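Here the protein sequences line up with chains A, B, C, D and E, keeping their order.
According to the working numbering, the first sequence holds residues -3 to 206 in order.
According to the working numbering, the second sequence holds residues -3 to 206 in order.
According to the working numbering, the third sequence holds residues 911 to 1164 in order.
According to the working numbering, the fourth sequence holds residues 14 to 249 in order.
According to the working numbering, the fifth sequence holds residues 14 to 249 in order.
In case anyone wonders, no lab produced these hints; they're calculated from the structure.
The structure presented is a predicted model; accordingly, all values stated were derived computationally and were not measured.
A virtual CB, placed ideally from N, CA and C, is assigned to each residue, including glycine.
It is possible that some hints are incorrect.
What the hints assert, rightly or not - Below, a sample of chain C positions facing chain B; criterion: calculated Cβ distance under 8 Å:
| no. | residue |
| --- | --- |
| 1 | Ser1067 |
| 2 | Val1068 |
| 3 | Glu1069 |
| 4 | Ala1150 |
As the list claims (entries may be wrong) - Derived SDA-like pairs: lysine to any residue, alpha-carbon spacing no greater than 20 Å straight-line:
| no. | chain 1 | residue 1 | chain 2 | residue 2 |
| --- | --- | --- | --- | --- |
| 5 | A | Lys53 | A | Thr97 |
| 6 | A | Lys170 | B | Pro36 |
| 7 | E | Lys37 | A | Thr97 |
Claimed, not checked - Some chain E residues well away from chain C (every beta-carbon gap over 10 Å; in silico):
| no. | residue |
| --- | --- |
| 8 | Glu104 |
| 9 | Glu109 |
| 10 | Ile118 |
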Amino acid sequence: MPNDYLISVNDLCFERDSLKLFGDVSLCLSAGEILLLEGPNGCGKTTLLRLLTTLLKPTSGNVYYCGELLDKVRYQYLADMLYIGHQSAIKLALSAEENLTWMAASEGLHEPQMVRDALQRMGLGRVYDLPCHQLSAGQMRRVALSRLALSRCRLWLLDEPLAALDAEGIELIKSCVRKHLDRQGAVILVSHQDLAAGPMRKYDLKENCF
Amino acid sequence: MPNDYLISVNDLCFERDSLKLFGDVSLCLSAGEILLLEGPNGCGKTTLLRLLTTLLKPTSGNVYYCGELLDKVRYQYLADMLYIGHQSAIKLALSAEENLTWMAASEGLHEPQMVRDALQRMGLGRVYDLPCHQLSAGQMRRVALSRLALSRCRLWLLDEPLAALDAEGIELIKSCVRKHLDRQGAVILVSHQDLAAGPMRKYDLKENCF
Amino acid sequence: MAMGSTKWQWFYRLGSPRWFYEISGRWLPWLVCATIILLGVGLFWGLALAPPDARQGHSFRIIYLHVPASLLALAGYYIMAVTGAVGLIWRIKMSFMLMKSAAPIGAALTFMALFTGAVWGKPSWGTYWVWDARITSMLILLFLYLGVLALQRAFTSVEAGYRASAILALVGTVNIPIIYKSVDWWHTLHQPATLKLTSASSIHTDMLEPLVVMVCGFYVFYVLALCLFTRSEIVQQESATAWVKALATSESRT
Amino acid sequence: MILKKIVFNVNGVAAVRGFSDYVKRDLQLAYRSLGDTVAPLIFFTMVCTLVPLGLSPDTQRLSEVAPSMLWIMALLSTLLSIERIFIHDYEDGSLEQLLIAPQLIEIPILGKIVAHWLVTGLPLTLMSPLLGLMLSLPGSAYPALLLSLAIGTAYLSAVGAVGASLTVSLGRGGLLLPLLVVPLYMPIIIFGTATVTFAVDAMQWLGPLAAMGAMLCAAIALCPLAAAAALRFSSI
Amino acid sequence: MILKKIVFNVNGVAAVRGFSDYVKRDLQLAYRSLGDTVAPLIFFTMVCTLVPLGLSPDTQRLSEVAPSMLWIMALLSTLLSIERIFIHDYEDGSLEQLLIAPQLIEIPILGKIVAHWLVTGLPLTLMSPLLGLMLSLPGSAYPALLLSLAIGTAYLSAVGAVGASLTVSLGRGGLLLPLLVVPLYMPIIIFGTATVTFAVDAMQWLGPLAAMGAMLCAAIALCPLAAAAALRFSSI
Ligand code: HEM
Ligand SMILES: Nc1ncnc2c1ncn2[C@@H]1O[C@H](COP(=O)(O)OP(=O)(O)OP(=O)(O)O)[C@@H](O)[C@H]1O
Ligand SMILES: Nc1ncnc2c1ncn2[C@@H]1O[C@H](COP(=O)(O)OP(=O)(O)OP(=O)(O)O)[C@@H](O)[C@H]1O
Ligand SMILES: [Mg+2]
Ligand SMILES: [Mg+2]
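Starting from the given sequences, assemble the full structure and let the hints guide the process.
Given below as structure tokens:
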């Protein structure tokens, strides 16, 4: 595997209870690029993304991070990777600010002002201190995504980040992604909506699934 | 209020714990039309829709159904109305077929074949007998929306039905909506994506919210 | 609003927090005076002037706290339930506010009854706690109060908290007679009634008179506390309204 | 026409259908997560086995505490499962749909209560003789045990449903539930243990049993009303 | 470089931070839903008041069953709350995030166990004298009661966490949990009641207490490991 890809996937294959979901997935991504995973509902996009987070283990095939086998550099990889899935890891009893403070702390960022700024930037300036169960669907999504405005991880794995966001929210995410790409970050995106924010590779999972 | 509107809303105002969310909402909808409720995240679209389902009570203002005050014709209205919200009322332990059978039964439809057909039409032919917790996000949404392929209610209230659906899924919903409109049904839709399926009114809630 | 009609005018006004705030503001000085006088007289009479009990000595004087607290703890529950029911049926926010305020007062009084009873129990029965029927039902009453309190606090939506606790209070009321019946019956079943030393009827008039004063004092005190709690609840809930804002500015000016 | 609709829903076939539909559905769900369903039973058994461990294995002593132990354990296993009567429906939106169904919701609620009793109270009642045996309950007490548990657990389900409906919108705040319902449970516990204790002592036990029956009737009439009222505002 | 990172995480500041962060966070959450937090306590109290109702109000009888009752009730209130140690995190995705954090997850898990004990076991221990009073436990038994409950509830939290981690991916299948953990709880219950009973009988009670302490040490060392292993495969 050439070393200049940030992440590359080689012949990945996944089966659940010996039922094959997809096979022969090979893809690669350089720093500064977005990879859009496409495919119809139920073809395995979320599953593939979770494989890349190491939450699931592939049946066969390899993932390389910076040219090294993922298992070998697992801690380093996890430290460099940010995953935002369908479930947003938001505690409903806490406010947006408290939630983001906690999430930032788990990345090693401890400045309250940064958190406040990030929420402001995501358009949550008016609701940052409400308990999250009082937020609307889109506001909740924004809280989860405000990690993007803070994160220093190199690789972002985003599973349908745009669901429930309004046009302004999508623009905000776009600008976060653009900044990230400028900083030589990379994004793997699962989305049914398009996010034209930079140099984009597409990968259609349709042909690989069974 | 003129009688020829299916539903009309007059100066509706809603406050939660004496905090005003929106005021002076007036809108109307005839049979055969779609009403698209628009507005930025958190402006109160879901809340307005839930007011129309009678799950929430307005602080002031009136809703008329076929020219009659909603409170007076509540049972009739409820029988004619179908609401599909963020939460999909799907039991994860049951299969898609069992779920839809139950939902159809609560509308008074008891034919197993119809249920099977509806699932087939929604592209769930392969997974109709899996327990729903094994479905992907989009498949789950399709199960919830397959009520649309069955329902005989005149008024549909849909809250972001298109989230998590792929392009094919959106087409399916469009065709359901088109059929419904042809049958003189009406749809009130909250969505950040467009659904061009028939004569459409738009209502932007932005100006009404505080 | 259906309540705007003239027939319901008085009822509607009763349901106005502002009206309550103003009228109770006028009562407050009188209530405070009455409470101080009644409780002062009662306590002095009961603790200093009344003769010591033949059998119990001075420890019997706890009666002057114990009995009024017990009586009001019971009455308080019904007040809470009735105001809750009024709130639920006619959707009067004011009534809910009264109910919400009645809960902590009632819980405190119940606790006081239990505590004074327990303290009294040590000299008279030699133990702090026995499973006597009346005591047990008092403990259950405390739990009922605590349930209402906890439920109120648990809701973030004030309105929902009001209604939930009102329903609970009502269900509790249905249960109170059953509780009393069952507990009494349970007690007579297992244990002969030997516990209460002095029965109320045999109490000496010298002891009874200050007790009556104390009971009256507690009633007035209860009303006072209810007013104060409710007023603070009103200010809290209506803080967005013009009249409370005006009130706040006028108070900060003076 | 509207009136007809209401009347039809109140006392017609629809009401009955609403009732039996909900019973069936809840039973189906219980069957699907069978582990969940038998768990209170197993719990009941296990805690009953803990009692002799903690206490003393002396037969005489055990048989004295047996009635109250069985009853308290029945109460605990109801408490453990009653939260689930509405919370799943609340979380997945089924409750919302129930609330906007064109029908009186008291009927489905009664259906859910019955289903809850069928999957917890009834099996527990049927299993109680076995546990009675383990706790060396005298033979004469079994009819009283069975009857009182059958009636009592139904009461627990009905009253518990009110508590569950009050706390349902607090999400998993179901831990509050014991505080709300245990005081309401106390009378039935007293009567229930009394019934069994009387039977052990060969006294007439129909009296307390009749009292329990009366309480159950009242609960079945009132609890669905209270629960419905509580659920209606839970969607604020 | 990678090795450095791992080492740093294992025994460096990060590990400690992971631990205290999780303790703090869970305490914060517990404080936010205070109703939830005090509920096991209230449950404990209420069930303890049920015992005399069910049994007999007779002081002598009560003081005999008091040690085992207090212990069984402590167990039940732990059982009631232990499910929540991971299930919230599982449902909202926090657990996923924990599993992909670049650190050993045993440390945060220990943090969560400690937090659980701080909000359930500790208050319960502190409240037990009051309940002892109500169940007319003799005065000499209070030190033993306090110490044994303090140690015992910590053990219950630690072992319960393993059960909770095993059942977490079953969603609300938490009713299965009692089945898994009650057998594991038996030894500590036996020692716990023995400690208090010995103290009541004015015998030397340090022996069983020491055994409990040893069990607790083993549990604290092993349970986070087992729970971490269980959680790792729960996300499949
Ligand atoms: C924690 C323990 C106790 C509780 C919860 C308790 C509860 C009550 C209650 C609820 C009442 C008024 C109820 C009514 O009027 O129907 C009452 C009255 C009274 N209590 Fe107690 N009590 C306790 C302990 C004691 C003790 C230790 C004594 C004295 C030996 C005592 C003596 C009385 C007397 C003399 C009355 C007034 C007479 C009457 O109304 O019957 N109580 N108590
Ligand atoms: N349970 C609640 N308690 C208090 N406030 C709430 C509650 N639910 C929603 N809100 C507030 O009401 C406002 C409107 O919420 P609503 O869900 O109606 O927004 P929405 O228009 O549907 O937004 P979105 O596009 O994000 O779905 C939000 O600002 C939210 O903070
Ligand atoms: N826990 C599970 N157990 C068994 N099968 C599962 C499970 N989760 C998902 N599946 C199956 O795996 C397939 C892929 O699911 P996945 O969630 O990856 O789809 P997806 O591509 O993300 O779809 P969508 O666009 O709907 O989000 C689906 O067909 C689904 O039925
Ligand atoms: Mg997906
Ligand atoms: Mg919305």
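To see whether the hints hold, each was checked on the structure:
At a threshold of 8 Å, the smallest CB-CB gap from Ser1067/C to chain B is about 6 Å, leaving the interface hint in force. The interface hint given for Val1068/C is met, as the beta carbon of that residue sits about 5 Å from the closest beta carbon of chain B, less than 8 Å. A least Cβ separation of about 6 Å between Glu1069/C and chain B falls short of the 8 Å threshold, and the interface hint therefore holds. The closest approach between the C-beta of Ala1150/C and any C-beta of chain B is roughly 5 Å, which is under the 8 Å cut-off, so the hint is satisfied.
Distance check on the hinted pair: Lys53/A and Thr97/A sit about 30 Å apart at the alpha-carbon level, beyond 20 Å; violated. The suggested pairing of Lys170/A with Pro36/B holds, with an alpha-carbon distance near 17 Å, which does not exceed 20 Å. Annotation: proposed proximity of Lys37/E to Thr97/A holds, straight-line Cα distance about 13 Å (limit 20 Å). No beta-carbon of chain C is positioned within 10 Å of the beta-carbon of Glu104/E; the least distance is around 19 Å.
With a least beta-carbon separation of about 27 Å from chain C, Glu109/E lies farther than 10 Å from that chain, consistent with its non-interface assignment. The non-interface label for Ile118/E is consistent with chain C: the shortest C-beta to C-beta separation is roughly 32 Å, beyond 10 Å.
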